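Engineer: Sequence:
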Amino acid sequence: MVPYFETAKSFADVPITGDGVDTATFLLASTDFVNMFDLLGGGVFAFVQNDLRSNITGVRQRFDAAPSESGTLEKLVVNECQRRGERHGTACLVRLVRGLWFTCEALRNMQQDRNAELHVCFRRSFDVVLKPRLSFVVRSVVSVAIMAVPSRHDFYNRLAQGGSHEKFDDALTRWLASLDALVLRLKAFLSEGRYGTV
Numbered sequence: 001m002v003p004y005f006e007t008a009k010s011f012a013d014v015p016i017t018g019d020g021v022d023t024a025t026f027l028l029a030s031t032d033f034v035n036m037f038d039l040l041g042g043g044v045f046a047f048v049q050n051d052l053r054s055n056i057t058g059v060r061q062r063f064d065a066a067p068s069e070s071g072t073l074e075k076l077v078v079n080e081c082q083r084r085g086e087r088h089g090t091a092c093l094v095r096l097v098r099g100l101w102f103t104c105e106a107l108r109n110m111q112q113d114r115n116a117e118l119h120v121c122f123r124r125s126f127d128v129v130l131k132p133r134l135s136f137v138v139r140s141v142v143s144v145a146i147m148a149v150p151s152r153h154d155f156y157n158r159l160a161q162g163g164s165h166e167k168f169d170d171a172l173t174r175w176l177a178s179l180d181a182l183v184l185r186l187k188a189f190l191s192e193g194r195y196g197t198v
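Numbering (the UniProt record's numbering), first residue to last: 1 to 198.
Careful: at least some of the hints might be erroneous.
[Said to hold, decoys possible] Derived DMTMM-like pairs: lysine to aspartate or glutamate, alpha-carbon spacing no greater than 20 Å straight-line: (1) LYS187 x ASP51; (2) LYS187 x ASP169; (3) LYS75 x GLU192; (4) LYS187 x ASP127; (5) LYS167 x GLU6.
[Unchecked claim] Ranges between beta-carbon positions, derived for each pair: (6) GLY85 x SER135: 26 to 34 Å; (7) SER135 x ASP64: 26 to 34 Å; (8) ALA181 x ASP127: 16 to 24 Å; (9) ASP127 x THR173: 31 to 39 Å; (10) LYS131 x SER151: 39 to 47 Å; (11) ALA188 x PHE47: 22 to 30 Å; (12) GLU192 x GLU69: 15 to 23 Å; (13) ARG83 x ASP170: 39 to 47 Å; (14) VAL128 x ARG84: 32 to 40 Å; (15) PHE47 x GLU86: 22 to 30 Å; (16) GLY163 x ASP113: 18 to 26 Å; (17) SER151 x ARG83: 41 to 49 Å.
Derived by calculation from the structure, the hints in this document are not laboratory data. Fair warning: this is a prediction, and the values are worked out from it, not measured in the lab. Virtual Cβ for every residue (Gly too), placed ideally from N, Cα, C.
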């Protein structure tokens, strides 16, 4: 069986044109990235996955409602914000980018600090990305959930699915580099246009 990470859509495959980030491909890469954590079993990453899935659904609903106006994430936001009423797709995109940023930072931290356990890497990312934006109660819940993440060794074994850890690590590096570039681009776009703060 081919490991999941070899068949999943990577953020490295998301086209970026002069108009922006391709919406359909970004949603597919986001979905495949979130689904990768199902391999860990037991809902260990459920607190992240549920949030990301909910926000992917919100962006997808906006895309499906106005596909000709939503070919890129930037167009989706601009067109939705020009209409009167709820800006659900835009709000979901802001939260989705924040959740992807959190996950990306944690996994990049794991790759940069080869001796750190996964819960330490997620804690570092949480302190930078999410902690300032959450209430005390939610921070407490997330802190407990972070302690339940698997060991670094178990994480690699499960996600590599019997494949080479080095090959998985190389693929993850490409995913994360591309995701980081997308997050930076979207954070800047959302902030500069006053559409939302990631």
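Engineer: All the hints need checking, so say for each whether the structure fits it.
Structural biologist: Structure-based check of all given hints:
no.	hint	result
1	LYS187 x ASP51	18 Å, holds
2	LYS187 x ASP169	26 Å, violated
3	LYS75 x GLU192	15 Å, holds
4	LYS187 x ASP127	18 Å, holds
5	LYS167 x GLU6	9 Å, holds
6	GLY85 x SER135: 26 to 34 Å	27 Å, holds
7	SER135 x ASP64: 26 to 34 Å	32 Å, holds
8	ALA181 x ASP127: 16 to 24 Å	23 Å, holds
9	ASP127 x THR173: 31 to 39 Å	23 Å, violated
10	LYS131 x SER151: 39 to 47 Å	23 Å, violated
11	ALA188 x PHE47: 22 to 30 Å	27 Å, holds
12	GLU192 x GLU69: 15 to 23 Å	20 Å, holds
13	ARG83 x ASP170: 39 to 47 Å	43 Å, holds
14	VAL128 x ARG84: 32 to 40 Å	36 Å, holds
15	PHE47 x GLU86: 22 to 30 Å	26 Å, holds
16	GLY163 x ASP113: 18 to 26 Å	23 Å, holds
17	SER151 x ARG83: 41 to 49 Å	48 Å, holds
In the structure shown, a violation is registered for the earlier hints numbered 2, 9 and 10, in ascending order.
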